[in-house]
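Listed here are the chains, written in short residue letters.
2 protein chains.
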Amino acid sequence: MRISEREFVEEVRREAKHKVALRPRGLTLRQGIGDDCAILAYSPQKDLLVTTDFFLEGVHFRREWEAAHSVGHKALARALSDIAAMGGIPRYAFLSLALSRTIKQNWIQEFLKGFLELSESQKVILAGGDTSASPDGVITDVMVIGEITKGQAIRRDGSRAGDEIWVTGSLGNAALALSLLRGGKKPLLSQLPFRVLFYPQPRLHIGRYLRQRKLATAMIDISDGLSIDLARLCEESGTGARIAEEAIPRFPPVTIQQALHGGEDMELLFTVPPKRSAMLPKSIGGVPLTRIGTIIPGRKLWLVRGDGKSRPLPILGFQHF
Amino acid sequence: MRISEREFVEEVRREAKHKVALRPRGLTLRQGIGDDCAILAYSPQKDLLVTTDFFLEGVHFRREWEAAHSVGHKALARALSDIAAMGGIPRYAFLSLALSRTIKQNWIQEFLKGFLELSESQKVILAGGDTSASPDGVITDVMVIGEITKGQAIRRDGSRAGDEIWVTGSLGNAALALSLLRGGKKPLLSQLPFRVLFYPQPRLHIGRYLRQRKLATAMIDISDGLSIDLARLCEESGTGARIAEEAIPRFPPVTIQQALHGGEDMELLFTVPPKRSAMLPKSIGGVPLTRIGTIIPGRKLWLVRGDGKSRPLPILGFQHF
Numbered sequence: 001m002r003i004s005e006r007e008f009v010e011e012v013r014r015e016a017k018h019k020v021a022l023r024p025r026g027l028t029l030r031q032g033i034g035d036d037c038a039i040l041a042y043s044p045q046k047d048l049l050v051t052t053d054f055f056l057e058g059v060h061f062r063r064e065w066e067a068a069h070s071v072g073h074k075a076l077a078r079a080l081s082d083i084a085a086m087g088g089i090p091r092y093a094f095l096s097l098a099l100s101r102t103i104k105q106n107w108i109q110e111f112l113k114g115f116l117e118l119s120e121s122q123k124v125i126l127a128g129g130d131t132s133a134s135p136d137g138v139i140t141d142v143m144v145i146g147e148i149t150k151g152q153a154i155r156r157d158g159s160r161a162g163d164e165i166w167v168t169g170s171l172g173n174a175a176l177a178l179s180l181l182r183g184g185k186k187p188l189l190s191q192l193p194f195r196v197l198f199y200p201q202p203r204l205h206i207g208r209y210l211r212q213r214k215l216a217t218a219m220i221d222i223s224d225g226l227s228i229d230l231a232r233l234c235e236e237s238g239t240g241a242r243i244a245e246e247a248i249p250r251f252p253p254v255t256i257q258q259a260l261h262g263g264e265d266m267e268l269l270f271t272v273p274p275k276r277s278a279m280l281p282k283s284i285g286g287v288p289l290t291r292i293g294t295i296i297p298g299r300k301l302w303l304v305r306g307d308g309k310s311r312p313l314p315i316l317g318f319q320h321f
Numbered sequence: 322m323r324i325s326e327r328e329f330v331e332e333v334r335r336e337a338k339h340k341v342a343l344r345p346r347g348l349t350l351r352q353g354i355g356d357d358c359a360i361l362a363y364s365p366q367k368d369l370l371v372t373t374d375f376f377l378e379g380v381h382f383r384r385e386w387e388a389a390h391s392v393g394h395k396a397l398a399r400a401l402s403d404i405a406a407m408g409g410i411p412r413y414a415f416l417s418l419a420l421s422r423t424i425k426q427n428w429i430q431e432f433l434k435g436f437l438e439l440s441e442s443q444k445v446i447l448a449g450g451d452t453s454a455s456p457d458g459v460i461t462d463v464m465v466i467g468e469i470t471k472g473q474a475i476r477r478d479g480s481r482a483g484d485e486i487w488v489t490g491s492l493g494n495a496a497l498a499l500s501l502l503r504g505g506k507k508p509l510l511s512q513l514p515f516r517v518l519f520y521p522q523p524r525l526h527i528g529r530y531l532r533q534r535k536l537a538t539a540m541i542d543i544s545d546g547l548s549i550d551l552a553r554l555c556e557e558s559g560t561g562a563r564i565a566e567e568a569i570p571r572f573p574p575v576t577i578q579q580a581l582h583g584g585e586d587m588e589l590l591f592t593v594p595p596k597r598s599a600m601l602p603k604s605i606g607g608v609p610l611t612r613i614g615t616i617i618p619g620r621k622l623w624l625v626r627g628d629g630k631s632r633p634l635p636i637l638g639f640q641h642f
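Quick note, the sequences are listed as chains R and L, same order. The first sequence begins at 1 in this note's numbering and counts up one residue at a time. The second sequence begins at 322 in this note's numbering and counts up one residue at a time.
Calculated from the structure, these hints are not laboratory results. The structure displayed is predicted, hence computed values, not measured ones. A couple of the hints might just be wrong.
[Stated by the list, open to error] In silico PhoX-like cross-links for lysine-lysine, where the CA-CA straight-line distance does not exceed 25 angstroms:
1. 444/L <-> 425/L
2. 300/R <-> 275/R
3. 471/L <-> 150/R
4. 444/L <-> 367/L
5. 150/R <-> 46/R
6. 123/R <-> 603/L
7. 113/R <-> 214/R
8. 471/L <-> 46/R
9. 535/L <-> 367/L
10. 46/R <-> 214/R
11. 434/L <-> 507/L
12. 506/L <-> 444/L
13. 150/R <-> 367/L
14. 150/R <-> 214/R
15. 367/L <-> 46/R
16. 507/L <-> 46/R
17. 123/R <-> 113/R
18. 367/L <-> 471/L
Starting from the given sequences, assemble the full structure and let the hints guide the process.
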């Protein structure tokens, strides 16, 4: 018998909450386990955002498929996407990197290049980390500290019945690329699905835009799949959702299953009160925004099919255990 | 051809320093790569300390030898020891935990218990982290954020020629325990070496004591071995050192080699100006302090043998790659 990842996180959360009576003065925890980032109050003007993200060979990537430069980019991009999902500004990164003895120097340098090119473009400073031997392959864990105007972080728990559900970009591209790789296709960065899989762009400018204009009531990044990440947002908010299959932005040959349940696209999912949605632009920085459904009372998630019939939304996104 | 761990850290440091022109306002980096913790200025009164520490099955521990409860304790203790080495106060921990599917629920719960017992005793709140499947065994990476009075962090680079070199506790216990385990001995927690290996106590109270009284000019925790960690402190300070073999605190059957080069004891190494050393107590919180040598000009490290003759100190501590 093994508990699921969700049950484990719930247990940690329960256990860790026992200890809140010990909360120190100074840095104060505003949000712990259960959102894209932890939120710490640290000044009268600012909150800190903290996130950590594993990127593990054999779990999240394969070295046969993914160039070292892309692994470096993506190791950081995943953490930046968590900062984006709160509407924050990333400041400092900490890189924990473990390597088996078979990894060549050239691989390490390309990895570092991919990491630092992204950090530089986002004005994020690599401030520390840890290095180690690894028992097998490449292990990375990236921690990012960001800042945000006090109290303005867009959490998962703010959606209310009636809010519109929106997503950035198009979904299912990374899932399509993975299925092509599994079928033996060579990756070509000239093709969108491979570009999304290997060089996903954290939507920091969109998160910031939504936060500054107070347009979003709740937000999460779609890292494990639309269905599971929507379920997470709804669970934290205590709400349900209805989304329309036909509204989900995708470029065929991406299938509806890939768009609904595929992970790794690094897009944002957010909710907007109907009276503010007129203020949403069609796109932000070239990335289109698309309405896909509505937050509803209750705790159920529904998918409206092409024929207009609703059925329960299957929750099939990636769970680690 | 592969670069060494030290060369890799140097390369990261060089590359990351290029980017310092991008330093943001708000949180300001006071110390990046090259100390036990990164230091960020965040208020007129306080600095933040940030550290991350891997604890990897097959590299840092073996599940056949080490109980889950101890793995949880030690995963956190290693990061707390880095905070201790700056004289800081740990506040928040972030646990990244990847588990292969073969790990049983009972193991996970015991791990969490070991982690949370230590965090509670040190008033550290578990505020977030990441969970993942692992390709093989247990992968942990623990990040701790601490606080310290502004500008008071005890860095590695503050030692000056003439300063006395001191250590806490006794050295080589964990190395002895490891050699006993390798020889097939069963671990007994009633024996000091196994207690040190499996339940090392981060010297937070000592770090704090030294910082509050401004007794130490430089400090580092002995995680990889006295010789290599002394070399690191001297390298950052631009100094040399002379230590006396006979002065190094150890309990036989710990050998002088184990005391000089064995890692994992989690003691502190610090330097004290001679005119302040009279203010050092014999012990702090029951942990003895021992003078082992002197910081000297130049960059060389010397070991004074029992016969009074000096020879270059071999640097044999643990390097990951």
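Checklist entry - Looking back at the hints listed earlier, which ones does the structure fail to meet? => result 1, 6, 7, 12 and 16
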